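Please build the complete structure, drawing on both the sequences and the hints.
Which chain is which? The protein sequence lines are A and B, in order. According to my numbering, the first sequence holds residues 1 to 192 in order. According to my numbering, the second sequence holds residues 1001 to 1192 in order.
The hints are simulated quantities; they were obtained by calculation from the structure and are not laboratory data. Bear in mind the structure is a predicted one, so any value in this text is a computation, not a measurement. One should not assume that every hint holds.
[Unchecked claim] Below, in silico cross-link-like pairs of lysine-lysine (DSS-like), each with a Cα-Cα straight-line distance of 27 angstroms or less:
(1) LYS150(A) with LYS132(A)
(2) LYS1054(B) with LYS1113(B)
(3) LYS56(A) with LYS1174(B)
(4) LYS58(A) with LYS1190(B)
(5) LYS1076(B) with LYS190(A)
(6) LYS1125(B) with LYS22(A)
(7) LYS1034(B) with LYS54(A)
(8) LYS22(A) with LYS1069(B)
(9) LYS1022(B) with LYS56(A)
(10) LYS1070(B) with LYS69(A)
(11) LYS1022(B) with LYS174(A)
(12) LYS1125(B) with LYS1034(B)
(13) LYS76(A) with LYS190(A)
Number of protein chains: 2
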Amino acid sequence: MSDHIDFYFDIISPYAYIAYKKILKIKDINFKLKPIFLGGLHNIAGITAPAFNKYKMKNMQNDCELVAKKNNINFKWNSKFPINSLHIMRGYLGVKDNKKEEYLNSFFEAYWKEDLDLSKQENVKIQLKKLKIDENAFFNSIGNQEIKDKLKQYTQEAFEKEVFGAPTFIVNNKIFWGQDRLEYALDEIKNI
Amino acid sequence: MSDHIDFYFDIISPYAYIAYKKILKIKDINFKLKPIFLGGLHNIAGITAPAFNKYKMKNMQNDCELVAKKNNINFKWNSKFPINSLHIMRGYLGVKDNKKEEYLNSFFEAYWKEDLDLSKQENVKIQLKKLKIDENAFFNSIGNQEIKDKLKQYTQEAFEKEVFGAPTFIVNNKIFWGQDRLEYALDEIKNI
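Right under this line is the structure:
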């Protein structure tokens, strides 16, 4: 039996942001954060993301706004969605362990609350400054082969567990896909 | 303001079956049943159904079983999923108004509870016999040009309202996609 819930995420996913904000409020369960590169995962799994279908895209925006409202989560649809999240996700792997939580929260909010265009380096730099993360160290890390390989490896490992989207929760080797299924993942770990 | 909820469905969708079973229990809200041909709708909207991706397919089966269990709905994944639902949906349009509800319930259950292969005419005939629907009249109706056009027209009308999947609920011109969103559709009509 699992003693924690694995939480697979990419900052690019609005539903991962909503799920992340939900799990921050849950104090009695341990979540293990599993960064992946969602674009890469979709490619391996042969999936076209909803962002690339105009009807799904429009519905996703309305739905996210509604889900966020129902859950009292501050949310603003990003006007530059989607962007390539590779650098931000590599950056997450590159920052020190004691900075990871702050980094994640800050970048999630920059993209899904403050409507920042994180494809622009100047906006990434503003975030880094707020987080007191050295700019040069950061940009070196995201070009570092070890970091690149690590994100690839994490994405591949997720795929091997049959994760095909984000957010995904895994408990007792069972997959729960989507922020809607957090409740079921919680039931599973609590043996309900 | 809407005085009812539009419910777009195709018998082929397991989530539409779950949603249908849920709405049967709701007595204080009026639902208008809107039959569509989901395969056709997906084609117009440029969407690949989850049934055609093996990872999504597997997840959908597990998810449906779990959602059904949590909602006390009898459910069995159909071992012949997917099939072409065109004849069954045309048949729904062809049967008399006072038979439609019974027809729908019977075919939904045949496919999503009794694991019948409804692509086999002999199994369709067994259902018709149970329903006391004349076999010849039925098979004539599904070949009838008017019925064919009607299903096309309903599907096209759904698409024009930006419906792109099933089940979909519409209230106050707002779209709620998926059985997970029935609750939000109910909130909308109750002005919550």
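Comparing the hints with the structure gives:
| no. | hint | in the structure |
| --- | --- | --- |
| 1 | LYS150(A) with LYS132(A) | holds (24 angstroms) |
| 2 | LYS1054(B) with LYS1113(B) | holds (22 angstroms) |
| 3 | LYS56(A) with LYS1174(B) | holds (14 angstroms) |
| 4 | LYS58(A) with LYS1190(B) | holds (24 angstroms) |
| 5 | LYS1076(B) with LYS190(A) | holds (26 angstroms) |
| 6 | LYS1125(B) with LYS22(A) | violated (50 angstroms) |
| 7 | LYS1034(B) with LYS54(A) | holds (23 angstroms) |
| 8 | LYS22(A) with LYS1069(B) | holds (24 angstroms) |
| 9 | LYS1022(B) with LYS56(A) | holds (24 angstroms) |
| 10 | LYS1070(B) with LYS69(A) | holds (25 angstroms) |
| 11 | LYS1022(B) with LYS174(A) | holds (25 angstroms) |
| 12 | LYS1125(B) with LYS1034(B) | holds (24 angstroms) |
| 13 | LYS76(A) with LYS190(A) | violated (33 angstroms) |
The structure does not agree with the numbered hints 6, 13 stated previously, though it agrees with the rest.
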